[in-house]
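> As a plain string of letters, each chain reads:
Number of protein chains: 2
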Amino acid sequence: MSGIAQTPEPPYYAVIFASQRTKGDSGYGKMADKMVELASQQKGFLGVESARDEELGITVSYWDSLESIKNWKENSAHRIAQDKGKKEWYMNFSLRVCRVERHNFFEM
Amino acid sequence: MSGIAQTPEPPYYAVIFASQRTKGDSGYGKMADKMVELASQQKGFLGVESARDEELGITVSYWDSLESIKNWKENSAHRIAQDKGKKEWYMNFSLRVCRVERHNFFEM
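Chains A and B are the protein sequences, given in the same order.
Just so we're aligned, residue 2 is where the first sequence starts under our numbering, counting upward by one.
Just so we're aligned, residue 2 is where the second sequence starts under our numbering, counting upward by one.
These are computed hints drawn from the structure, not numbers from a lab.
Small disclaimer: the values here were computed from a predicted structure and weren't measured.
Errors might be hidden in some of the hints.
[Claimed, not checked] Heads up, simulated EDC-like pairs for lysine to aspartate or glutamate below, C-alpha to C-alpha not over 20 Å straight-line:
no.: 1; chain 1: A; residue 1: K31; chain 2: B; residue 2: D54
no.: 2; chain 1: A; residue 1: K24; chain 2: A; residue 2: E56
no.: 3; chain 1: A; residue 1: K31; chain 2: B; residue 2: E55
no.: 4; chain 1: B; residue 1: K31; chain 2: A; residue 2: E55
no.: 5; chain 1: B; residue 1: K35; chain 2: B; residue 2: E89
Sequences and hints are given; from them, build the entire structure.
Okay, structure coming up:
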């Protein structure tokens, strides 16, 4: 699940989620892992990339269509996590939905 | 420069850069800071978000147009950093160019 996502040829879609956390875990790590696992089982899921440091967390998930993104947004377990995120885990966050026009992979 | 980028209303463009580093710094930290500073002075730059942990680094830069992205790619100081990245700093990386269709910001 970790590292650089191996996505198919563009076009496809990306959701860029950037967040600043509150202090402490409060069950966050476990739920975050569970959400990645659950997302990866959804129809149209293409991959995910995630990194977090003291300043910021960035998770980018890749999808085959806007329809798949909408379905994942409305997934019931995901909605519970979204609520908890707003109430407990995040100080602030941004969500961006993008169409990936081109990509390049480099292995040294 | 840190935290969530305050970008204008979509549409605009994002470059998602995900990378896995080689061990050691080898001047990386200093160059990375310099590149963010330099990028932010380019025409059409809208913001940047960056996070790195042991697995992966993700930097997302936001731009007003594909033309601005192209100009930044071809910037001479940036090209030197790109070469050094390929030779020394990265084990592998991916670059994705996307059109941001919509965004949402949440402050708790």
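> Hint by hint, which ones does the structure fall short of?
Of the numbered hints given earlier, the structure breaks none, since each of them holds.
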